[in-house]
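Based on the hints, put chains B, C and D in the right spot on chain A.
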Amino acid sequence: MKFLVNPSKFNEIADYIFKPVLVLSILFFALGLLFSFYLSPDDYQQGSTVRIMYVHVPSAWLALLTYAIMTFYSIAALAFRMPFGFIFNTAVAPIGAIFTLICIISGSLWGKPMWGTWWVWDARLTSVAILFIIYLIIIFINLSFENRVVREKVVAIFVIVGSVNLPIIKFSVDWWNTLHQPATISKLAKPSIDPSMMTPLIIMTFAFMMIGVAIAILRIKTEIISRKSNLS
Amino acid sequence: MLIVKDLSIERLDKKIFENISLSLAPGNITILKGKNGSGKTTLLKAILNLIEPSFGSIYWKGKLLKKNLYDFYNNVTYISDTTSSLKKLTLADNINIWKKFFISNINDTQIEIALKTLKLDNYLDKKVGTLSFGETKKLEFLRLIIENKNVWVLDEPLSNLDDDSIELMKQTFEDHCEKQGSIIFSSHQNPGIYVTEEMQL
Amino acid sequence: MSLRFQRLLLIFLTLVILLSAVLLILYNTRENVSYFYTPSEINKSDMIINKIIRIGGFVENDSFKKISSSSFKFRITDEKASILVTFNGILPDLFREGQGAVIEGTFDNNVFNATNVFAKHDENYMPASIKEGLRDTGYWNKKYK
Amino acid sequence: MKFLKKIIFFYYREYKLNMSGVQDILTNIVFFFLSVFIFIFSIGPDKETISTVGVAIVWTLLLLSSTLSLRKFYQDDFENGNLLIIHLNGFSFGFITILKTFSHFLFVQVPFLLSIPIACILLNIPNDKLLYLFTSFGIGSLTLSCLGSISSSMNLMNQRNFLLGSVIVMIFSVPIIIFSVGIINMAQNFNSLINILFGILLIVFAINPWASGLCLKLSIENN
Chain A
41 MKFLVNPSKF
51 NEIADYIFKP
61 VLVLSILFFA
71 LGLLFSFYLS
81 PDDYQQGSTV
91 RIMYVHVPSA
101 WLALLTYAIM
111 TFYSIAALAF
121 RMPFGFIFNT
131 AVAPIGAIFT
141 LICIISGSLW
151 GKPMWGTWWV
161 WDARLTSVAI
171 LFIIYLIIIF
181 INLSFENRVV
191 REKVVAIFVI
201 VGSVNLPIIK
211 FSVDWWNTLH
221 QPATISKLAK
231 PSIDPSMMTP
241 LIIMTFAFMM
251 IGVAIAILRI
261 KTEIISRKSN
271 LS
Chain B
15 MLIVKDLSIE
25 RLDKKIFENI
35 SLSLAPGNIT
45 ILKGKNGSGK
55 TTLLKAILNL
65 IEPSFGSIYW
75 KGKLLKKNLY
85 DFYNNVTYIS
95 DTTSSLKKLT
105 LADNINIWKK
115 FFISNINDTQ
125 IEIALKTLKL
135 DNYLDKKVGT
145 LSFGETKKLE
155 FLRLIIENKN
165 VWVLDEPLSN
175 LDDDSIELMK
185 QTFEDHCEKQ
195 GSIIFSSHQN
205 PGIYVTEEMQ
215 L
Chain C
2 MSLRFQRLLL
12 IFLTLVILLS
22 AVLLILYNTR
32 ENVSYFYTPS
42 EINKSDMIIN
52 KIIRIGGFVE
62 NDSFKKISSS
72 SFKFRITDEK
82 ASILVTFNGI
92 LPDLFREGQG
102 AVIEGTFDNN
112 VFNATNVFAK
122 HDENYMPASI
132 KEGLRDTGYW
142 NKKYK
Chain D
36 MKFLKKIIFF
46 YYREYKLNMS
56 GVQDILTNIV
66 FFFLSVFIFI
76 FSIGPDKETI
86 STVGVAIVWT
96 LLLLSSTLSL
106 RKFYQDDFEN
116 GNLLIIHLNG
126 FSFGFITILK
136 TFSHFLFVQV
146 PFLLSIPIAC
156 ILLNIPNDKL
166 LYLFTSFGIG
176 SLTLSCLGSI
186 SSSMNLMNQR
196 NFLLGSVIVM
206 IFSVPIIIFS
216 VGIINMAQNF
226 NSLINILFGI
236 LLIVFAINPW
246 ASGLCLKLSI
256 ENN
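Protein chains in written order, with our numbering: chain A, 41 to 272; chain B, 15 to 215; chain C, 2 to 146; chain D, 36 to 258.
The set of hints was computed from the structure by calculation and includes no laboratory data. Cβ atoms here follow ideal geometry from the backbone N, Cα and C, with glycine treated the same way. Heads up, a few of these hints could be off.
Claimed, not checked - Which residues of chain A face chain C? A partial, calculated answer using Cβ under 10 Å:
| # | residue |
| --- | --- |
| 1 | Gln85 |
| 2 | Thr157 |
| 3 | Asp162 |
| 4 | Trp216 |
| 5 | Asn217 |
| 6 | Gln221 |
| 7 | Ile233 |
| 8 | Met237 |
| 9 | Leu241 |
| 10 | Thr245 |
| 11 | Asn270 |
With the rest of the complex left out, here is chain A (with noise of 0.2 Å):
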């Protein structure tokens, strides 16, 4: 597991996993595309607008998820010195902009027909959408600041007061009312979901998460190729 802390190592291993990683992506995204439009269900009451889920949740969930793991790489490198840390969170942050965009306007397009709304402010809509913000202050922080030292280690500072949002985004459907529905899926209770339903959205989750971890490599080559260089 060292590629996960170490840059050259990283680079070797990304050598490797990139191309299969891409394939793999457009197959889940050729088969949960064909799942989520001929062979999954409608939905007993929303009919076929549901299929917005299968856009929806997994960009939401690869946001939150993405962000988790920036938290943890930003703690691990302030507290045990580790710059692959700050490398990851410079080059993740506009993924998982771009994972809470796709989250938010699909959940718009969703919202129009059935809440008969695009937006509402009630606690899950608005902490997603703080979400999207604390992605792009990452971003602009990183643009920002001459000085490449202190520029990361803000990056990582702000990554993690900006954690307290995580928990508030997932519990802000069970502590308070809102116009959002309560998590479908969670890890104690039984799926409220239909198996039929349920396989597209966990291989469009997987698609998502393929495309993201391709971009990531990407990204993240890039970054430290430019380290290298001096050039940021």
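Quick look at chains B, C and D alone, frame taken from chain A:
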């Protein structure tokens, strides 16, 4: 008292300096010489434990500096290349703040004498912002007297000073030496001050 | 007070403060960040006069009446209390009897004039065909929350 | 004992420093009142509307004015080396941020707090809620001081994009605004709202010395 052993500092994977060793005993004056960007300020900051060294270690009174930091800070005066006096306040106010904040045991007559020798005694009611840069710098040296500590760490103390003031500094340094104090300072010029050790960076 | 002691003090204070803060917030948040109130909460509080509020609940069975093509009358309930609602406008697709809904508007003499109606769906997803099958065999008796 | 003396004289220094720039604080308050007037004029004579949006206006302006004074928080002391001198005088960086946060609260936010009752009268905010509002502003502005400390210490080395500091303060102040504006819209449960605000303050207060202290250390190390 203060011992620096095999100190190396890297920044952004670039070596600033390597394997520096020096020791600062009571009564010693050490000068750090070197061109701009040779790492004089960095070394001084490392001595004050503000920069984490990549390799090597610093000892204070036989203990690792990190373990004995509070005692070291109680015994050191640092004057950086910036002037820390508050521009909007008068000289008298500044001196008063310093005296209180550092819990100084220096009495007023000693400060008056110091002010007189620095030729600042006429400006007491003036705001620091109205002084010239050289005068502000001289005011900064008043901190050496007020803090009354053993070890002086000075960053470029002699730049921007006229000959009279340099002569004065020379005198002050020698006095401090006789009182078993120790001084480490950086300079890019040849000051003609008596030093016990010279360090080329 | 040495630097090391300051650090220890800071760690100790941080832990104590964080703990008390979490307790404070957990004890107090529950009812406060609501996007909407439930009908039973409305009846016992006095915040209702001429102020735009949101009420969330379920559309009571057999209460939906269409007055004209774009004006409707129905009751919102949480099984403890219910409120009569009038609404002019377009209802969302998901709006039907027994379905969760959030309405926005003002009270006017015990009748709630809604300006916006949002449908709320639950976290259950199920193929339409299965629901038909269940209903045919008489096993469909899922209670809405 | 010596340490206590140092703390007292730290505040003596801050007092002298802030009194020499008392016109800055007064300008901030004038800015605050002018903005209140502009809101009142632009909303028009409808007293109902003014009193309903009043709390929101005061909060927005409090937030804006406290981000205006962010630059003074650490920047001056950092640039002329005073931060370093205070550290060498035996204060850890975390401790400095706590002292500085209280100093900002005392010398920048408290003058605002004193002017808020007047603003509340101008904005027709009902008197019976004034006590709760005042408490919430008090807690909120101390929270803003802590957030200001975090964001301005993050921005010490950032010469290009100063607005970033304000953005950081604003994004983290969203929960405070949500809860404190709730006070005017509710007839009951003041105490639990105040408790929540206090809880948020405690969390931010606990995070502040670590985050800001690290940033200060970082900036001094790399300056």
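Okay, the hints, checked on the actual structure:
| no. | hint | in the structure |
| --- | --- | --- |
| 1 | Gln85 | holds (6 Å) |
| 2 | Thr157 | holds (6 Å) |
| 3 | Asp162 | holds (4 Å) |
| 4 | Trp216 | holds (4 Å) |
| 5 | Asn217 | holds (4 Å) |
| 6 | Gln221 | holds (5 Å) |
| 7 | Ile233 | holds (4 Å) |
| 8 | Met237 | holds (5 Å) |
| 9 | Leu241 | holds (9 Å) |
| 10 | Thr245 | violated (15 Å) |
| 11 | Asn270 | violated (35 Å) |
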